[in-house]
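With chain A held as given, fit chain B onto it using these hints.
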Amino acid sequence: MRGITKRFPGVVANDDVSFEAASGEVHALLGENGAGKTTLSNILTGLYRQDEGEIELHGRPVRFTSPRDALDAGVGMVHQHFRLVAPFTVAENVVLGDHRHGHRGFVLRGRAIERRVAELGEKYGLGVDPRSRIWQLSVGEQQRVEILKALYRDATILILDEPTAVLAPQEAVALFGTLRAMAGEGKTVIFISHKLKEVLAVADRVTVLRAGRTIDTVAASTATARSLASLMVGREIDEARPLEQSRPLPDVLSLEVEELTVAGDRGGAAVRGATFSIREGEIVGVAGVAGNGQRELAEALTGLRRADRGTVRVCGKVLRSGDPRAAISAGIAHVPEDRLGTGLAPSLSVTSNAVIKRYRRGLSRGPFLALGRMRETALAIIRRYDVKTPEPSTPARNLSGGNLQKLVLGREFEGEPRVLVVAQPTRGLDVGAIETVHAYLREASSRGVAILLVSEDLDELRALSDRIVVLYEGEIAGEFEAGEATIEEIGLLMAGGRGS
Amino acid sequence: MIRLERRTSQPRWLSVAVPVGSLIVAFAIMAVVLLASGHDPWSTYRKLVEAGFTGNGALSATLISATPILFTGLAAAVAFRMELFNIGAEGQLYLGAVGGAWIALQLGDRDAGSTAVYVVAMCVAAAVTGALWALIPGVLRAFANTNEIITSLMLNYVAGYLLTYLIFSSSSYWRDTSTLQARAFPQGKPMPPAAEWPTFGSSVVLPLGFVVGLGVAVVLWVLYARTRFGFEVSVIADSPRAARYAGMRTRRKILAVMALSGAVAGLGGASQIGDFTHTLDGSPQGLQAAAFGYTGIVVAALARYNPFAVCLVAVLLGGLLNAGFTLQGVDFPSGLVGVMQGIILFCALGGELLIRYRIRFPRRTRVTTDGEATPEAV
Numbered sequence: 001m002r003g004i005t006k007r008f009p010g011v012v013a014n015d016d017v018s019f020e021a022a023s024g025e026v027h028a029l030l031g032e033n034g035a036g037k038t039t040l041s042n043i044l045t046g047l048y049r050q051d052e053g054e055i056e057l058h059g060r061p062v063r064f065t066s067p068r069d070a071l072d073a074g075v076g077m078v079h080q081h082f083r084l085v086a087p088f089t090v091a092e093n094v095v096l097g098d099h100r101h102g103h104r105g106f107v108l109r110g111r112a113i114e115r116r117v118a119e120l121g122e123k124y125g126l127g128v129d130p131r132s133r134i135w136q137l138s139v140g141e142q143q144r145v146e147i148l149k150a151l152y153r154d155a156t157i158l159i160l161d162e163p164t165a166v167l168a169p170q171e172a173v174a175l176f177g178t179l180r181a182m183a184g185e186g187k188t189v190i191f192i193s194h195k196l197k198e199v200l201a202v203a204d205r206v207t208v209l210r211a212g213r214t215i216d217t218v219a220a221s222t223a224t225a226r227s228l229a230s231l232m233v234g235r236e237i238d239e240a241r242p243l244e245q246s247r248p249l250p251d252v253l254s255l256e257v258e259e260l261t262v263a264g265d266r267g268g269a270a271v272r273g274a275t276f277s278i279r280e281g282e283i284v285g286v287a288g289v290a291g292n293g294q295r296e297l298a299e300a301l302t303g304l305r306r307a308d309r310g311t312v313r314v315c316g317k318v319l320r321s322g323d324p325r326a327a328i329s330a331g332i333a334h335v336p337e338d339r340l341g342t343g344l345a346p347s348l349s350v351t352s353n354a355v356i357k358r359y360r361r362g363l364s365r366g367p368f369l370a371l372g373r374m375r376e377t378a379l380a381i382i383r384r385y386d387v388k389t390p391e392p393s394t395p396a397r398n399l400s401g402g403n404l405q406k407l408v409l410g411r412e413f414e415g416e417p418r419v420l421v422v423a424q425p426t427r428g429l430d431v432g433a434i435e436t437v438h439a440y441l442r443e444a445s446s447r448g449v450a451i452l453l454v455s456e457d458l459d460e461l462r463a464l465s466d467r468i469v470v471l472y473e474g475e476i477a478g479e480f481e482a483g484e485a486t487i488e489e490i491g492l493l494m495a496g497g498r499g500s
Numbered sequence: 001m002i003r004l005e006r007r008t009s010q011p012r013w014l015s016v017a018v019p020v021g022s023l024i025v026a027f028a029i030m031a032v033v034l035l036a037s038g039h040d041p042w043s044t045y046r047k048l049v050e051a052g053f054t055g056n057g058a059l060s061a062t063l064i065s066a067t068p069i070l071f072t073g074l075a076a077a078v079a080f081r082m083e084l085f086n087i088g089a090e091g092q093l094y095l096g097a098v099g100g101a102w103i104a105l106q107l108g109d110r111d112a113g114s115t116a117v118y119v120v121a122m123c124v125a126a127a128v129t130g131a132l133w134a135l136i137p138g139v140l141r142a143f144a145n146t147n148e149i150i151t152s153l154m155l156n157y158v159a160g161y162l163l164t165y166l167i168f169s170s171s172s173y174w175r176d177t178s179t180l181q182a183r184a185f186p187q188g189k190p191m192p193p194a195a196e197w198p199t200f201g202s203s204v205v206l207p208l209g210f211v212v213g214l215g216v217a218v219v220l221w222v223l224y225a226r227t228r229f230g231f232e233v234s235v236i237a238d239s240p241r242a243a244r245y246a247g248m249r250t251r252r253k254i255l256a257v258m259a260l261s262g263a264v265a266g267l268g269g270a271s272q273i274g275d276f277t278h279t280l281d282g283s284p285q286g287l288q289a290a291a292f293g294y295t296g297i298v299v300a301a302l303a304r305y306n307p308f309a310v311c312l313v314a315v316l317l318g319g320l321l322n323a324g325f326t327l328q329g330v331d332f333p334s335g336l337v338g339v340m341q342g343i344i345l346f347c348a349l350g351g352e353l354l355i356r357y358r359i360r361f362p363r364r365t366r367v368t369t370d371g372e373a374t375p376e377a378v
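These protein sequence lines are chains A and B, in that order. Mapping the first sequence onto the numbering used here, position 222 (from 1) lands on 222, and the numbers just tick up by one. Mapping the second sequence onto the numbering used here, position 367 (from 1) lands on 367, and the numbers just tick up by one.
Simulated from the structure, these hints should not be mistaken for laboratory data. Just to be clear, a hint being listed does not mean it is correct.
To be verified - If the Cβ cut is set under 7 Å, some of the chain B residues that face chain A in the computed set are:
(1) A182
(2) T227
(3) R228
(4) F231
(5) D238
(6) P240
(7) R244
(8) Y245
(9) A246
As the list claims (entries may be wrong) - Estimated spans, in silico, between C-beta atoms of each pair:
(10) A:T224 to B:E83: 50 to 56 Å
(11) B:I355 to A:V12: 55 to 61 Å
(12) A:P367 to B:T54: 39 to 45 Å
(13) A:G264 to B:G215: 49 to 55 Å
(14) B:P11 to A:D129: 53 to 59 Å
(15) B:G335 to A:R49: 50 to 56 Å
Unchecked claim - According to the in silico footprint, chain B covers these stretches of chain A (three or more CB under 8 Å from chain B):
(16) 337 to 343
(17) 351 to 365
Glycine included, every Cβ here is placed at the ideal spot set by N, Cα and C.
So here's chain A without its partners, still in its complex pose (with noise of 0.2 Å):
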């Protein structure tokens, strides 16, 4: 891939990013969360089309319109979020869209089909009944359907966008065995993910993102850990700089948090035993990868979410666990990630989604509502917060992120919480947003309001944070006060890479 440019209303999410991979070659992309690796495999396998740049394939240059081009040209994709039809068997999901062989006409060749999918099976370590239905197969199971559709359709290139996330640890190394048996065959595979440890592992080449942009590609003989870590961190790791200094804060706690276990939603613990305080003005920093647990922990700490085991309290007081009207009273906010749809009601006004947590307390009069005072209400955050609507009776969802974000913001800081847990509240906003909401955390932990911060930005977190805690799968890796750690440190926690 030679020069891919692709942008998007708002963003350039590849400038100018080029890598080529052999044949016989794990290849590969790593960069973090919001680099372009996604949107660069969309490209390779047709579902987007790139607005600069060519792709060759083999010495010759293809020019993909839709994905079955691509897979007409024996490009194969494993997504992250599997497509597959759950009540169809192994063999009708491998086949399914395939229009070259297996069927003639309209019989499809059942027994054919699931002799050849067993054979694959067989051949590259993918153990798998061709006859089970796709539900009742592990996660692990499943992904390797999507790499037998892949193989079916002979592919000569695959293309794997974050395999890892959703296996356990064995399941992985048993994948990329997998993966060195194809490269063995001379098939390419393209490796996407952000875990530095299982780049190392499998990978021939690695071709590192940033912000669009391709930094460098580097053996993966010759590279550690460590200097893989700065080049997809970037700039400021050469300095080593520090976090901002620490200030002085009261030594009383806010929020204790003790051995707190959350389920997630595809069963198996999201968070692990996390133990941690924040105390009354302070604000922590939550880094870690997607996917490490950090919105369960947002969850349980705000009610949505019910905890298995560990105890919640908030000055003192113990909280009853998943509960969300317990949280409240006990004095929580919550920003939450989905500003519109569960921070937000999106086609309610502006006014309604302002009362929305506060309607049943003074804004009130028996069971019926006290209108004109929650007109107030809504104006008065509509003016402290600076949010831009036309009207407040304007729907919720015709403002903008940075609007949508401010109003959040206000309505939480109007209840006078004790602690605040934020999350991603920059996510997809601009500059000039994301310093206002900055200032706003800033103001509330100045009025000593206790803030949990959950971003995937580490520039925010540093910039707002007294004290960092790394999660990591589920549990935390670690925990720095401002001015202990660098990003670099920090970085490689968050990609699991504690021993390293």
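Frame of chain A; chain B shown alone:
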């Protein structure tokens, strides 16, 4: 290729223009059908309006048709407002009739009370039985997360068979066994005369049930537009996650809304026996064939779940149903009446789509492929 795109805003004039336009389209299509079957469209339309609204006694007959679908329309609207699809107004109405008939017969056995006592008692009993019936799918939805569309729909059949059983297949309390004729041809016990609901007006007869329905509409509007309950319902309807995040008790709200919806449908059952039949009608060709519950869904959809609009639509649709009865005759088959009603409903509901979506005709982009020859993707 035609594509539907969701409108980001819905201009106010559309909500008037689209229904009027749909009606014009419907009448145009109907004209073709009528001409093809050898009828004069113009005179048919005149007869339709006359039989439904302007003729002598037409409005009174229309109000009789409108009363039950006013209740079931409100019942559907109440639940649909929270995205809770209670399709069971049909069965809840039967159960309301059963409960209302029971209390009326009980009071009759005791020779008790004036008509006012009967009306209040029948309304309360019918609302309670309707609500309890609706709570079956409600509880299942709230605690087991079953699909309320399926469960409430299926319970309609159960309620229908129950109704038939009470009158035809058992010697239940509701069945008239006093005379030999009644034992040979099963029918419900007649209500005491005091249980007949009064009517108002002389030139246009207004049944009490319709007035009660209007009252319910006002109460529902206040409930949904002016109370905490209504606020919570609107948040849950728009985003259940946001509701949970804001600390709302969504499970309780599901139960409350289902019960409310069932109670309103049940009131329709009480009105049916109090206003019109004065006995529990168990025949599969009677109350059950009228399909008031299903018509109510159409009423609610056309009214876009607004209680006041439900009142209006119920009267219009009642007129259409009533005119249908008048129109059909030797030279005008009932099937043709059904076709006309179907076309009007089809166009009206189809027009709804245009309020929420716009239709676009995107130009086909030429797809170029160089490099390897690839088969045309269809």
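| Outcome for the supplied range 39 to 45 Å, where the beta carbon pair is P367 (chain A) and T54 (chain B) | holds, 43 Å
| request: Kindly confirm whether 50 to 56 Å is satisfied by the beta carbon distance between G335 (chain B) and R49 (chain A). | output: The hint (50 to 56 Å, Cβ to Cβ) holds, given that G335 (chain B) and R49 (chain A) are roughly 54 Å apart.
| Interface hint for R244 (chain B), Cβ within 7 Å of any Cβ on chain A | With a minimum Cβ separation of about 6 Å from chain A (threshold 7 Å), the hint on R244 (chain B) holds.
| said: Is the coverage entry for the stretch 351 to 365 of chain A by chain B consistent with the three-residue Cβ rule at 8 Å? | reply: Result for this restraint: holds, n = 6.
| Proposed interface contact between A246 (chain B) and chain A, which counts if any beta carbon pair is under 7 Å | With a minimum Cβ separation of about 4 Å from chain A (threshold 7 Å), the hint on A246 (chain B) holds.
| query | Is the gap between the beta carbons of I355 (chain B) and V12 (chain A) within 55 to 61 Å? | reply | Hint violated: Cβ distance 38 Å, outside 55 to 61 Å.
| Hint check: 7 Å Cβ-Cβ cutoff, F231 (chain B) to chain A | holds, 6 Å
| request: Let me know if the C-beta of D238 (chain B) comes in closer than 7 Å to any C-beta of chain A, holds or violated. | output: holds, 4 Å
| request: Go through the hint on T227 (chain B) and say holds or violated, using the shortest Cβ distance to chain A against 7 Å. | output: holds, 5 Å
| field | 50 to 56 Å as the expected CB spacing between E83 (chain B) and T224 (chain A), which holds or is violated | value | Since T224 (chain A) and E83 (chain B) have Cβ atoms about 54 Å apart, the given range 50 to 56 Å holds.
| task | Could you check if A182 (chain B) really has its C-beta closer than 7 Å to a C-beta on chain A? | result | Nearest chain A Cβ about 48 Å off; hint violated.
| request: Tell me if chain B covers the stretch 337 to 343 of chain A under the three-residue, 8 Å CB rule, please? | output: Contact hint for the stretch 337 to 343 of chain A vs chain B: holds, 4 residues under 8 Å.
Of the hints listed earlier, those the structure fails to meet are numbers 1, 6 and 11, in rising order.
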